[in-house]
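J.: Same order as they appear, the protein sequences are chains A and B. Each residue of the first sequence is one higher than the last, beginning at 1 in UniProt numbering. Each residue of the second sequence is one higher than the last, beginning at 1 in UniProt numbering.
By construction, these hints were calculated from the structure, which means they are not laboratory data. All figures in this text were calculated on a predicted structure; none of them were measured in a lab. It is possible that part of the hints are untrue.
Pairs count within a copy or across copies, as identical chains cannot be separated in the list.
Said to hold, decoys possible - Here are the simulated SDA-like pairs of lysine to any residue, each with C-alpha atoms no more than 20 Å apart in a straight line:
hint : residue 1 : residue 2
1    : Lys41     : Leu54
2    : Lys41     : Gly221
3    : Lys41     : Thr192
4    : Lys41     : Ala243
5    : Lys41     : Asp71
6    : Lys41     : Pro264
7    : Lys41     : Asp7
8    : Lys41     : Leu185
9    : Lys41     : Asp178
10   : Lys41     : Leu198
2 protein chains.
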Amino acid sequence: MTTHVDDLTDPRLRDYVHLRDVQLRSSLEAERGIYLAEGEKVVRRAVEAGHRPLSFLMAPRWLDTLADVLDASDVPCFVLDEGLIEELTGFHVHRGALAALERPEPLAVEDVLRTARRIVVLEDLVDHTNIGAVFRTVAALGLDAVLLSPRCADPLYRRSVKVAMGAVFRLPYARLDDWYAGPDLLRDAGFTTYAMTLADDAVPLDSVPADVDRLAIVVGGEGHGLTEHWQREADLRVTIPMAEGIDSLNVAASVAVACWHLRPR
Amino acid sequence: MTTHVDDLTDPRLRDYVHLRDVQLRSSLEAERGIYLAEGEKVVRRAVEAGHRPLSFLMAPRWLDTLADVLDASDVPCFVLDEGLIEELTGFHVHRGALAALERPEPLAVEDVLRTARRIVVLEDLVDHTNIGAVFRTVAALGLDAVLLSPRCADPLYRRSVKVAMGAVFRLPYARLDDWYAGPDLLRDAGFTTYAMTLADDAVPLDSVPADVDRLAIVVGGEGHGLTEHWQREADLRVTIPMAEGIDSLNVAASVAVACWHLRPR
């Protein structure tokens, strides 16, 4: 259902405004129960994952590429010139196509853990790019799920979804409400926990057992790394050996290295 | 030499304008033979690496933290309120301190290769964030150097430097002028080349020999991966095994995984 629009105050476009304002978007999307997919591939994957689109917004040149997706849907597709899209969204939409979708119901932690054998647990990762990169890597390397601390950034924020190339649609994840009780919860669920840390006295990654039955790799936030509580409660504190004088890897690179070394085989 | 400034048209501030305009900055910095360091840690590391600062620019609150660096230098430090810095640079400078430094002389390829045993070769990585992330990872995991194709983004661009957390100052790198002749050049220098690819018939990373004397890990650009020429000429085509239905890791994650698996021991 293609609808050409040239009035940017049209209320039907209200899901697509102020895309550069993270705080505003976060509350707006939570309130309306939506999220945004950006880029042809990501829009396609969102729909293929079974998420319900509420509308599409794109420049004319994307209509052909996404024709099959649009034909299979009965929601409006608003067509605007690229310049108007930029004016509406406040943002140069690089790959031209956007969709607003219904935010899926969050999964319960128990459901995510039930069948998982390798998971990554993220504490206070506040950067959407990092969240997206971590999801993409965890999914690509064949791990099963992600758990998030309450303060982690939203995996369904536009930027996370884009960097993840849609991996946030495939990889089950859940948010822990009681972060402090997390180590106990994982222990009760039968998981061994490896806390990634820069501490000198932690075990180097290449010396830890990789053939653990159920394993949770726990990673701290961008600023200060993993909290003392999680480091103390973990079964093992693990460090990635680094060259002298280098203080750390970024969190997405650390996760890539740890997930590869501890991948399911 | 602290100089309070409130006139943004002061010509001494000309190295700090239009920080969001990548194209303009790239030609301006090349022309003037400068680069910019951003953030207290990165500014400090640039100076510690022996690069010659031409000036500093910061908000008042950074003067104390960087006092030792400023005291040891005889170039001007321009002090502006944060709001004016943002107006001047077109950019919210998150960590308050900037420095313009003399761009160091590029190293010769032969000099970079002479003593290196593990290197990463980058073809057409055009994203400054990816360049920075790759340098940080390669340095942290103890590899020796990076070679760049002619079209790779600039490791000394502000964003690359920042994401690399200064690893671009420590890790030797050089640009190959004749990219097509690169495989021969590496072979003549005694390197075995592993071409990272998504090709189905490539050897999985966990099956390749890691104890090679001199090894070059060759990685393609963000869009289309490594060119046919380099894949054909490499000693081995190597792939990171991925979960079904996932098309690829991002380039920084691929480099992290490959560098870890093939790290020097």
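J.: With reference to the structure, classify each hint as holding or not holding.
T.: Results for each hint:
no. : hint             : verdict
1   : Lys41 <-> Leu54  : within (17 Å within a copy, 45 Å between copies)
2   : Lys41 <-> Gly221 : between (29 Å within a copy, 19 Å between copies)
3   : Lys41 <-> Thr192 : neither (36 Å within a copy, 36 Å between copies)
4   : Lys41 <-> Ala243 : between (38 Å within a copy, 18 Å between copies)
5   : Lys41 <-> Asp71  : within (16 Å within a copy, 53 Å between copies)
6   : Lys41 <-> Pro264 : neither (28 Å within a copy, 38 Å between copies)
7   : Lys41 <-> Asp7   : neither (27 Å within a copy, 47 Å between copies)
8   : Lys41 <-> Leu185 : neither (37 Å within a copy, 38 Å between copies)
9   : Lys41 <-> Asp178 : neither (35 Å within a copy, 35 Å between copies)
10  : Lys41 <-> Leu198 : between (37 Å within a copy, 18 Å between copies)
This entry does not satisfy hints 3, 6, 7, 8, 9, going by the numbered hints stated previously.
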